[in-house]
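Starting from the known structure of chain A, arrange chain B on it as the hints suggest.
Chain by chain, the residues run as shown.
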Amino acid sequence: MNKDRRTARHLVSVALVTVALLTACHSAVFTRSESRVRDDTLAREVKNRFLEARQLDLSRIDVSAENGVIYLSGESGNSESKFVAEQLALGITGVKRVVNKLEVQP
Amino acid sequence: MSLRRLDCMVLMGCLLLSPQTALAQSEKTWSAGGFLDLSYGLDFNFPDNHRWRSKETTQRVNELSPNLGYAYFEKDPTAGSRWGIELAAQAGRDTESLVPSGREQPIGGADVLRHVARANVSYLAPLGSGLTLTAGIFRGFRNYESYYAKNNFNYTRAYLTDYNPNFMMGAGAEYEVSPAMELSLFVINEYNYLAHANNLPGYAAVMEWRASKHLTAYQNLYYGPDQQLTDVKYWRLFSDSTLEWRELDWTVALSFDVGTERMAEQPDSPRTFWMGSALFTQWNLTGPWSVAVRPELFWDRNGRVTGFEQFIWANTSTLEYRRHFGPHLGILRLEHRYDRSTGQEGGFFKNGLTAAGQPQLTPGQHLIWLSAIWALDF
Numbered sequence: 048m049n050k051d052r053r054t055a056r057h058l059v060s061v062a063l064v065t066v067a068l069l070t071a072c073h074s075a076v077f078t079r080s081e082s083r084v085r086d087d088t089l090a091r092e093v094k095n096r097f098l099e100a101r102q103l104d105l106s107r108i109d110v111s112a113e114n115g116v117i118y119l120s121g122e123s124g125n126s127e128s129k130f131v132a133e134q135l136a137l138g139i140t141g142v143k144r145v146v147n148k149l150e151v152q153p
Numbered sequence: 007m008s009l010r011r012l013d014c015m016v017l018m019g020c021l022l023l024s025p026q027t028a029l030a031q032s033e034k035t036w037s038a039g040g041f042l043d044l045s046y047g048l049d050f051n052f053p054d055n056h057r058w059r060s061k062e063t064t065q066r067v068n069e070l071s072p073n074l075g076y077a078y079f080e081k082d083p084t085a086g087s088r089w090g091i092e093l094a095a096q097a098g099r100d101t102e103s104l105v106p107s108g109r110e111q112p113i114g115g116a117d118v119l120r121h122v123a124r125a126n127v128s129y130l131a132p133l134g135s136g137l138t139l140t141a142g143i144f145r146g147f148r149n150y151e152s153y154y155a156k157n158n159f160n161y162t163r164a165y166l167t168d169y170n171p172n173f174m175m176g177a178g179a180e181y182e183v184s185p186a187m188e189l190s191l192f193v194i195n196e197y198n199y200l201a202h203a204n205n206l207p208g209y210a211a212v213m214e215w216r217a218s219k220h221l222t223a224y225q226n227l228y229y230g231p232d233q234q235l236t237d238v239k240y241w242r243l244f245s246d247s248t249l250e251w252r253e254l255d256w257t258v259a260l261s262f263d264v265g266t267e268r269m270a271e272q273p274d275s276p277r278t279f280w281m282g283s284a285l286f287t288q289w290n291l292t293g294p295w296s297v298a299v300r301p302e303l304f305w306d307r308n309g310r311v312t313g314f315e316q317f318i319w320a321n322t323s324t325l326e327y328r329r330h331f332g333p334h335l336g337i338l339r340l341e342h343r344y345d346r347s348t349g350q351e352g353g354f355f356k357n358g359l360t361a362a363g364q365p366q367l368t369p370g371q372h373l374i375w376l377s378a379i380w381a382l383d384f
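Quick mapping for you: the protein sequence lines, in order, are chains A and B. Every letter in the first sequence is one number past the one before it in this note's numbering, and letter 84, counting from 1, is 131. Every letter in the second sequence is one number past the one before it in this note's numbering, and letter 238, counting from 1, is 244.
Isolated chain A (complex conformation):
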């Protein structure tokens, strides 16, 4: 009986958390503000630059944008490609600043 109660409690908790997260997701995905649209466009442009550059070390970089600031994270093979990634991102119109969190993995 105790096990059934515990199971029920777990299920209710998970269901509540799931509903809350999905609601948040729904509102975030389907009610995009103007700044969100701008940031998404910027992030796509940076990703496209990295794809076009065809350098190995630019293939595994995560790009996100917040209010015109570009965040680069993930891995980079050397400090030179870390620099190149930053310069490519800075070259895009509308990018205010680049926060470079790329980790160089020897």
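Since the hints were derived computationally from the structure, they do not count as laboratory data. Check each hint, because a few of them may be wrong.
Said to hold, decoys possible - Derived lysine-lysine pairs resembling DSS-like cross-links, with alpha carbons at most 30 Å apart:
id	chain 1	residue 1	chain 2	residue 2
1	A	K143	B	K34
2	B	K219	B	K34
3	B	K81	A	K143
4	B	K34	B	K81
5	A	K143	B	K219
6	B	K356	B	K61
To be verified - Which stretches of chain A does chain B cover? Using the computed rule of at least three CB atoms under 8 Å from a CB of chain B, they are:
id	region
7	92-103
8	121-131
9	141-151
What the hints assert, rightly or not - Among the chain A residues that face chain B by a calculated CB cut under 8 Å, a handful are:
id	residue
10	R83
11	D86
12	D87
13	S106
14	S111
15	E113
16	Y118
All residues carry an ideal CB built from backbone N, CA and C; glycine is no exception.
Coordinates of chain B only, in the frame set by chain A:
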């Protein structure tokens, strides 16, 4: 005050507090930081031992689990300053299974060394486009999924990630053949860097090749002795291959692992064999929201790596919210996975004990994970 305005103020506050964002980023050759990884995994089998059978990471279920804490300092080797150093410490549930148990003997001090994630020096030699030499404890294979959940599409790792050499101890050389291709060779102590079966080294090779705008290939190879008897016929051969296709909003990568080794201690030295495959997919919905789906399978024909003869297949679906605030990064993930293990010794723990006093097993396992990761980089 609108939520968006509050959001902007928080972001501005973080940026103002960040010394990193005020500097010219590219001039920095050192970095430091860390992350915390906390999760709760609900296993609908409610095992009494709170364990996920045959799993190396995220082993604990039905309890709040501090899976990993990580802190690092690194100085990159550059043309202007050719020496580099990487130091990182780690702690948490995920590090417990790094210390070998069962058939493998741990090296002396393994229980302390599991907390050392990186301890290496590197030198960028002025040769061609740059030859980087590294020695110490460093990152293992370039398998598609990282040992650290922070860097992945999903929260829980695939079985093939768990059973890869995620860390290596020894020395290596990495050379950039072209801007699209890198080759690395390593001489290391063992497949499992905290195991000690003999005093002979093992050998590893890594190739990364960006074949086209969208396609990248990764190939890792290991060949070496991992048993007390070190005849070449007992050496382990392991291969990990990945093909990745990357578009602006989505990424798909297919990994395939295969390993084999003759068992020296058993009559007739039978050949053991294991293989795994996973399809990593992620779609960026908008801004910080992404979804990821990962079907996978793992076959341990002789129980050589998981300890049990079994065939596992699983599917993992993840909803992710990932957001940067200045030097901070927050990641929330909600994940469902279903695992099925069949075979002579297959199964997952469930509640209750057998007549022999062992935990009962069941072939299927539904899990829901809620995870929070906070990272800070300077």
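Does A/D87 pass the interface hint, meaning its C-beta sits closer than 8 Å to a C-beta of chain B? holds, 6 Å
For the restraint on A/S111, tell me whether the closest CB of chain B is nearer than 8 Å. Holds, because the Cβ-Cβ distance from A/S111 to chain B comes to roughly 6 Å (cut-off 8 Å).
Does A/K143 sit within 30 Å of B/K81, going by the straight-line distance between their CA atoms? Within the cut-off at roughly 27 Å; holds.
Annotated coverage of the region 141-151 of chain A by chain B, confirmed only when three residues or more have a Cβ within 8 Å: This one holds; 7 residues, not fewer than the three required, reach chain B with a Cβ under 8 Å.
Between the alpha carbons of B/K34 and B/K81, is the straight-line distance 30 Å or under? holds, 9 Å
Coverage of the region 92-103 of chain A by chain B (three or more Cβ within 8 Å): The restraint on the region 92-103 of chain A holds, since 7 of its residues have a Cβ under 8 Å from chain B and three suffice.
Return the status of the interface hint for A/S106: holds when the least beta-carbon distance to chain B is below 8 Å, violated otherwise. holds, 5 Å
Tell me if the interface restraint on A/Y118 is satisfied: Cβ within less than 8 Å of some Cβ in chain B. It holds, given that the least Cβ distance between A/Y118 and chain B is near 4 Å, below 8 Å.
Are the Cα atoms of A/K143 and B/K34 separated by 30 Å or less? Answer holds: A/K143 to B/K34 is near 19 Å, not above 30 Å.
Restraint check for B/K356 with B/K61, where alpha carbons must lie at most 30 Å apart: holds, 15 Å
Once the shortest beta carbon distance from A/E113 to chain B is found, is it less than 8 Å? Interface hint status for A/E113: holds (6 Å vs cutoff 8 Å).
Min Cβ distance, A/R83 to chain B: is it shorter than 8 Å? With a minimum Cβ separation of about 5 Å from chain B (threshold 8 Å), the hint on A/R83 holds.
In summary, this structure violates none of the numbered hints.
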